[in-house]
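**Student:** Spelled out from the first residue to the last, the chains are:
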Amino acid sequence: METPETLLTICMGSSCFSRGNNLNVEIIKRFIEERNLQADVELQGCLCGGNCKKGPNIRINDELLQGLEPGMVFDLLEHKLRTRDA
Amino acid sequence: MNYQSPIYTEKTQCQDCYKCIRECPVKAICVENGHAMVVSELCVSCGHCVTVCPAGAKRVRDDKGRAAQLLTLKDRVLVSLAPSFAAEFGHVSSSGLVAAIKSLGFFGVSETAIGADLVSAQIAEDLAGTQGKLLLSSACPAAVEYIKRYMSEFTPHITDRASPLLAHSRFLRQTYGEDIGIVFIGPCIAKKREADVWSSIDCAISFSDLKKWLADEGIDIKAPPRGDGPFPHESSFIPFRAAKGALYPIDGGMIASIKKYPESGGMRAMSVTGLEQIDKALRGLDAEKLEEPLFMELLACPGGCINGPACSLGEPTALRRIKLLSYAEKANDLLRERRPTMTGTLPVGTLVSIPHTDEEIRAGLRQVGKLELKDELNCGSCGYDTCHGFTAAMLEGRAEKTMCVSYMRKLAQKKANGLIRAIPSGVVICGPDLKIIECNENFARLMGPDILCMFEAKPGLEGAELEKITQMSRYFNDVMHLSGPDAVEHEFREGKKIFQVSVFSIEKGESACGVIQDVTTPQIQKDRVISQTRRVITKNLAVVQKIAYLLGENAAETEATLNSIIESFSGLDEGGQ
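Chains A and B, in that order, give the protein sequences. Each residue of the first sequence is one higher than the last, beginning at 114 in the numbering used here. Each residue of the second sequence is one higher than the last, beginning at 716 in the numbering used here.
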């Protein structure tokens, strides 16, 4: 099996979790499922990275994305994952 | 796209008043553990609950962050500004508003009314060649959703025409390219549903969101910074100003706009605003029996979009209407442009409702103590118009037994009655004038045979004056006094009997309750003997310990003194030798 090209890390620290990552993780999972991206995207959780102040945080490969409200996730993934494919 | 529904409940704020249920035209509210939540499968996003919730617990999904993110993701993001802006921002010039919005980073601002003009031109053509007897406008997404979901027999009559926002978004993409971003700003919550469904609309925010956004960025609408932001040049609407589509947000505006197009002919048209009125206008109507074709303009908000749920409240609606009219007056009558694809109405999942059998309803009614027809009060305090409606909701898991006020009151009464009757002590409840509200038989028995006779004649002794029955009435005065203690305990003697009385206030200044025990009766006596005996034992032991301590101390002291005497005398002997 090929290694997925995108590594999506979602902070599950208590601050990020309560600020919206509890919902974000569901949205990301659903997005990956609906687009059949299971082979291309690997989703993993992480513990607090110390960036709580501007949370909730996720990381796409090495890029840290902050202040991600649940409503923003879909657009962001669509944009980030599409530009990566192109 | 967005997975969350446009309206949600801030659970901790919800104070279980059921006002949202009472006001919701489609009863799309589910009560769970006393908190009311919007059922998105039933909700038509009219936003009425958001405006009526007294606790402010009904919230509109905030897509401001999403719109701001879009500015960073796309090169050019355009605003589709709802025509109601003329009513909402009547105090500023449209160029000032455009400049302010653009300084947030938007490429340009276009009027959604352009989409309305495209729809008007399309409908005018449609009407000329129509075969149908009844045509329902598809401009208002909440009205479309309401009809499709709750009056589905009229679904075929809805014109398969894009809403003004959808038409406008397609038009903008046709003009500026597919890769632009489009953010709708307006008075409407149902537009969020549209933005969720159609990929050509990126997201929808409200006027109040816009105001907050501008305030957060420190931009004053009245004096916006000119030449600021990435796209500074023009401060007028792009690509041009809309025509009479600007009238759409008031009732009759759509019809007025369509009638400007000569091809519309002399159709019979009427406007209906408010979901309740739409229901009244259509329910039971047989379209086939209409003598002439009829076009109906349907708007979910009473008076039209200018009174939408995301508008600022408080301003007289007449003034809002005047502001809008004076803006629209200056617009052209017609707009002839190449139209994008003009089909598509909001897709709505059909509702599978299983009717409840009479037995089920009756069983449900019995659960809330409604055994006969006269028990069904249909008072509406649970939020549902009828007890049947409430029971059906309960069977569907959207309502709870505790919502029925008459049931809860009866239950509380029964509990209190049972308790007062069964308790072995005397219980008496008094009002502010020290007149008895209620007492039990034990109380009457404690007060002597005369009172017991009175009680037998009039159970409860309601209205009797406590002062005439017993002297303990003064304790009632104490606890009922606003600054008095909440509860007092006393032992007091009346005749040969000794009573132990606990008096506590139920409602300060209104009522107090006393629980009375006769200390001389065997049960109480036994308890008292036991506790007195225990006290004697403890006291005895303490005295013994104290005596022993004194004895010991005294013995030690004596010994020490005697020893010192011996020592001093034995020293003298040695010196003498």
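The set of hints was computed from the structure by calculation and includes no laboratory data. Given the structure is predicted, the values throughout are model-derived calculations rather than measurements. A portion of the hints provided could be inaccurate.
Dumping the calculated PhoX-like pairs for lysine-lysine here, alpha-carbon to alpha-carbon at most 25 Å [as the list claims (entries may be wrong)]:
1. B:K789 - A:K167
2. B:K734 - A:K166
3. B:K995 - A:K167
4. A:K193 - B:K789
5. B:K734 - B:K926
6. B:K734 - A:K167
7. A:K193 - B:K995
8. A:K142 - B:K734
9. B:K995 - A:K166
10. A:K142 - B:K1241
**Student:** If a hint holds in the structure, say so; if it doesn't, say that too.
**Tutor:** So, going through the hints one by one against the coordinates:
Using a Cα cut-off of 25 Å, the hinted pair B:K789 and A:K167 holds, with the two alpha carbons roughly 22 Å apart. A distance of roughly 38 Å separates the Cα atoms of B:K734 and A:K166; the hinted pair therefore is violated under the 25 Å criterion. At roughly 51 Å between alpha-carbon atoms, B:K995 and A:K167 are farther apart than 25 Å, so this suggested pair is violated. Distance check on the hinted pair: A:K193 and B:K789 sit about 11 Å apart at the alpha-carbon level, within 25 Å; holds.
This hinted pair does not check out: B:K734 and B:K926 have alpha carbons roughly 28 Å apart, beyond 25 Å. With a CA separation close to 37 Å, the supplied pair B:K734 and A:K167 exceeds the 25 Å bound. Proximity of A:K193 to B:K995 is assessed by CA-CA distance (about 49 Å); at most 25 Å being required, the pair is judged violated. For the proposed pair A:K142 and B:K734, the alpha carbon gap of about 36 Å is over 25 Å, so the pair is violated.
As the CA atoms of B:K995 and A:K166 are separated by approximately 53 Å, the hinted pair breaks the 25 Å bound. In summary, the hint linking A:K142 to B:K1241 is not supported, as the alpha carbons are separated by about 70 Å, beyond the 25 Å threshold.
When held up to the earlier numbered hints, the structure conflicts with 2, 3, 5, 6, 7, 8, 9, 10 and fits the remainder.
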